[in-house]
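Student: When you get a sec, could you build the whole thing from the sequences and use the hints?
Taken in order, these protein sequences are the chains called A and B.
Residue numbering for the first sequence follows our numbering, beginning at 1 and increasing consecutively.
Residue numbering for the second sequence follows our numbering, beginning at 154 and increasing consecutively.
Each hint should be verified, as a subset may be incorrect.
[What the hints assert, rightly or not] Using 25 Å as the maximum straight-line C-alpha spacing, the simulated SDA-like pairs for lysine to any residue come out as follows: (1) K148/A / H407/B; (2) K436/B / R132/A; (3) K436/B / A133/A; (4) K324/B / A289/B; (5) K148/A / P446/B; (6) K434/B / I130/A; (7) K194/B / R217/B; (8) K434/B / I152/A; (9) K63/A / P119/A; (10) K138/A / G245/B; (11) K63/A / A409/B; (12) K434/B / Y53/A; (13) K434/B / L49/A; (14) K434/B / A21/A; (15) K434/B / A60/A; (16) K434/B / L129/A; (17) K138/A / N481/B; (18) K448/B / A350/B; (19) K35/A / P119/A; (20) K138/A / A350/B; (21) K148/A / K436/B; (22) K324/B / P261/B; (23) K436/B / P31/A; (24) K436/B / P36/A; (25) K148/A / A27/A; (26) K148/A / A21/A; (27) K434/B / G135/A; (28) K303/B / G393/B; (29) K148/A / G393/B; (30) K471/B / R493/B.
[Claimed, not checked] Listed next, with one range per pair, are the computed distances between beta-carbon atoms: (31) D423/B / P37/A: 36 to 46 Å; (32) D435/B / L34/A: 13 to 23 Å; (33) L33/A / S279/B: 45 to 55 Å; (34) H68/A / T263/B: 33 to 43 Å; (35) A280/B / H68/A: 31 to 41 Å; (36) V388/B / A94/A: 35 to 45 Å; (37) L219/B / A32/A: 56 to 66 Å; (38) L33/A / Q521/B: 48 to 58 Å; (39) K138/A / E317/B: 49 to 59 Å; (40) R66/A / D445/B: 44 to 54 Å.
If you're looking for bench data, these hints aren't it; they were derived computationally from the structure.
Heads up, the beta-carbon is just placed ideally off N, CA and C, and yes, glycines get one too.
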Amino acid sequence: MIRRALLALCLALPFAAQAGAPVALTAEDVPALLKPPAHGVRVLALWGLDCAYCESNLQALQKLQRTHPREIELIAVATDSVAESAALEQRLHAAGVDMLPSRAYADATPERINYLIDPNWGGELPRTLIIRADGSRKGISGQLTPEKLATIP
Amino acid sequence: MRLALTLLFGLAASAAAAHDMAGMPMPKGPDLGASAALDGKGRLWVVDAADGHVRLRHSDDFGRTLSAPVPVNAQAEPIYAEGENRPKIAFGAKGELYVSWSQPHARPWTGFVRFARSTDNGEHFSAPLTVHHDRAEITHRFDAMAVDSKGRIVMAWIDKRDLEAATAKGKPYQGAAIYTSVSSDGGNSFSAERKLADETCECCRIALASTPQGEIAAFYRSIFGDNIRDHAYAVLHADGRPLEPQRATFDDWHIAGCPHHGPGLAIGADGVRHAVWYEAKDKPAIHYGQLDPGKAPAHLQTIATAGASHADVAASGKQVWVVWNQVNAQGFALMLRESRDGGASFGEAREIANQKGAAAAPQLLLWQHRAFVAWNTAGGFRVVPTEAL
Numbered sequence: 001m002i003r004r005a006l007l008a009l010c011l012a013l014p015f016a017a018q019a020g021a022p023v024a025l026t027a028e029d030v031p032a033l034l035k036p037p038a039h040g041v042r043v044l045a046l047w048g049l050d051c052a053y054c055e056s057n058l059q060a061l062q063k064l065q066r067t068h069p070r071e072i073e074l075i076a077v078a079t080d081s082v083a084e085s086a087a088l089e090q091r092l093h094a095a096g097v098d099m100l101p102s103r104a105y106a107d108a109t110p111e112r113i114n115y116l117i118d119p120n121w122g123g124e125l126p127r128t129l130i131i132r133a134d135g136s137r138k139g140i141s142g143q144l145t146p147e148k149l150a151t152i153p
Numbered sequence: 154m155r156l157a158l159t160l161l162f163g164l165a166a167s168a169a170a171a172h173d174m175a176g177m178p179m180p181k182g183p184d185l186g187a188s189a190a191l192d193g194k195g196r197l198w199v200v201d202a203a204d205g206h207v208r209l210r211h212s213d214d215f216g217r218t219l220s221a222p223v224p225v226n227a228q229a230e231p232i233y234a235e236g237e238n239r240p241k242i243a244f245g246a247k248g249e250l251y252v253s254w255s256q257p258h259a260r261p262w263t264g265f266v267r268f269a270r271s272t273d274n275g276e277h278f279s280a281p282l283t284v285h286h287d288r289a290e291i292t293h294r295f296d297a298m299a300v301d302s303k304g305r306i307v308m309a310w311i312d313k314r315d316l317e318a319a320t321a322k323g324k325p326y327q328g329a330a331i332y333t334s335v336s337s338d339g340g341n342s343f344s345a346e347r348k349l350a351d352e353t354c355e356c357c358r359i360a361l362a363s364t365p366q367g368e369i370a371a372f373y374r375s376i377f378g379d380n381i382r383d384h385a386y387a388v389l390h391a392d393g394r395p396l397e398p399q400r401a402t403f404d405d406w407h408i409a410g411c412p413h414h415g416p417g418l419a420i421g422a423d424g425v426r427h428a429v430w431y432e433a434k435d436k437p438a439i440h441y442g443q444l445d446p447g448k449a450p451a452h453l454q455t456i457a458t459a460g461a462s463h464a465d466v467a468a469s470g471k472q473v474w475v476v477w478n479q480v481n482a483q484g485f486a487l488m489l490r491e492s493r494d495g496g497a498s499f500g501e502a503r504e505i506a507n508q509k510g511a512a513a514a515p516q517l518l519l520w521q522h523r524a525f526v527a528w529n530t531a532g533g534f535r536v537v538p539t540e541a542l
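Tutor: As structure tokens, this is what we get:
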């Protein structure tokens, strides 16, 4: 019994680490993240550890993405430092959104990354940036209402 | 002199890359959250946090050189020192030094408000005490502190006990509450806390300032209707009179989220309530206005737009100063706008300092009718004069 549990744990660990670990996002990485997708929409779900609305927003976006898997590319972007990976992963895992591609800021000045991602964003969270294949972008602050979610696909 | 003691500076900030695990830089340096205040003799006092200690430093040359740090809490403990959450310092009527901070707990967003005092000019501090009587592991953080004209220490903080109670009963509750407590014995003890308001923003600093009557007033981001995050104003009567918060800004910014962007307040000797605040209903903006609680502010004007954050305000006679951080692709500029007509109009924005690395929110300090800006940056703590060179 114990051996089986250990085996399961060993199998699960590398997978869990891979699924949730946020990849560092530097200032130099921002242009690629903002590049319009070939088709459909790329959605950046900006979130943070000190944000009571962020996990539920990520969950709503994940649900939407799963109903439109071909149209929506969803990326969770933490505005906290990638040095806080363990806490970020744990929070994503607890919210059941740890399968999403995940990034976290890697800059001594997080506000600078905010500015590079969207100069018309003051850092309030959650923030959803919708980037369409035609190059248009739209940023929405706060938890998305069903009406706003419906405008994404 | 204005009690700017609750205003602040801080931002989750990081200095150089700390370590390198997967070939990627992982910057996470010291948090820059700090507060500064000038005492009656012109000595500058600064509190910030390092290695689990709130530390106190002072300067007799307006920040050019700082003393060796004195630990406020002898025993290390977790300390919030980032963003809108940072240690505070205030002076007692007899030169006592009062220091408060928020202590994070294990569960997300939880914390306790802590307090310690020194009666020997900052050489030693009392063992820290927890200000609130409620000891549930929930949110009690974003402490704000000021001393009224009778020497009473007035504390206010964001508190989620009512949210927890409502959630347990399956009832809706937006945001958090603000509670307040008073010490009338120089910080030996604090009264049982009183609720100032239900359904307030859960992540924005509370601004405090003293009124001409010597009481302490609070200006804070509240919630009206369905997540309209405008601000409210209330005098925190220390004598038990009812607390009567009133809506004081009317931007109608709807956001079910965390602005992490609290306001600033300075009350002139004439009673004019100079206020600055952030909202992003259409685009990000910092506004100035003179609060007329219950009605729209007078002399309402937009001070700065996109990229501007964490403004502070100070007033002396007809002079009003507003400072803020302006982020750009390189880093931060410290910006200033001045009014010479009591806030009716402001001059053009002027850059008075800049910083490539992280910078905490600026804090205005008044000294003999002159204004200085305390600015904690990755490059060190600075005091920036506001006069044009």
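Student: Would you mind marking each hint as holding or not holding in the structure?
Tutor: Hint-by-hint comparison with the structure:
no.: 1; hint: K148/A / H407/B; result: holds, 13 Å
no.: 2; hint: K436/B / R132/A; result: holds, 21 Å
no.: 3; hint: K436/B / A133/A; result: holds, 24 Å
no.: 4; hint: K324/B / A289/B; result: holds, 20 Å
no.: 5; hint: K148/A / P446/B; result: violated, 33 Å
no.: 6; hint: K434/B / I130/A; result: holds, 18 Å
no.: 7; hint: K194/B / R217/B; result: holds, 17 Å
no.: 8; hint: K434/B / I152/A; result: holds, 20 Å
no.: 9; hint: K63/A / P119/A; result: violated, 28 Å
no.: 10; hint: K138/A / G245/B; result: violated, 50 Å
no.: 11; hint: K63/A / A409/B; result: holds, 19 Å
no.: 12; hint: K434/B / Y53/A; result: holds, 18 Å
no.: 13; hint: K434/B / L49/A; result: holds, 23 Å
no.: 14; hint: K434/B / A21/A; result: violated, 34 Å
no.: 15; hint: K434/B / A60/A; result: holds, 23 Å
no.: 16; hint: K434/B / L129/A; result: holds, 16 Å
no.: 17; hint: K138/A / N481/B; result: holds, 20 Å
no.: 18; hint: K448/B / A350/B; result: holds, 18 Å
no.: 19; hint: K35/A / P119/A; result: holds, 16 Å
no.: 20; hint: K138/A / A350/B; result: violated, 35 Å
no.: 21; hint: K148/A / K436/B; result: holds, 18 Å
no.: 22; hint: K324/B / P261/B; result: holds, 21 Å
no.: 23; hint: K436/B / P31/A; result: holds, 22 Å
no.: 24; hint: K436/B / P36/A; result: holds, 23 Å
no.: 25; hint: K148/A / A27/A; result: violated, 29 Å
no.: 26; hint: K148/A / A21/A; result: violated, 29 Å
no.: 27; hint: K434/B / G135/A; result: holds, 24 Å
no.: 28; hint: K303/B / G393/B; result: holds, 14 Å
no.: 29; hint: K148/A / G393/B; result: violated, 45 Å
no.: 30; hint: K471/B / R493/B; result: holds, 5 Å
no.: 31; hint: D423/B / P37/A: 36 to 46 Å; result: violated, 57 Å
no.: 32; hint: D435/B / L34/A: 13 to 23 Å; result: holds, 22 Å
no.: 33; hint: L33/A / S279/B: 45 to 55 Å; result: holds, 50 Å
no.: 34; hint: H68/A / T263/B: 33 to 43 Å; result: holds, 37 Å
no.: 35; hint: A280/B / H68/A: 31 to 41 Å; result: violated, 57 Å
no.: 36; hint: V388/B / A94/A: 35 to 45 Å; result: holds, 41 Å
no.: 37; hint: L219/B / A32/A: 56 to 66 Å; result: violated, 42 Å
no.: 38; hint: L33/A / Q521/B: 48 to 58 Å; result: holds, 50 Å
no.: 39; hint: K138/A / E317/B: 49 to 59 Å; result: violated, 35 Å
no.: 40; hint: R66/A / D445/B: 44 to 54 Å; result: holds, 50 Å
Hints 5, 9, 10, 14, 20, 25, 26, 29, 31, 35, 37 and 39 from the earlier list are contradicted by this structure; the remaining hints agree with it.
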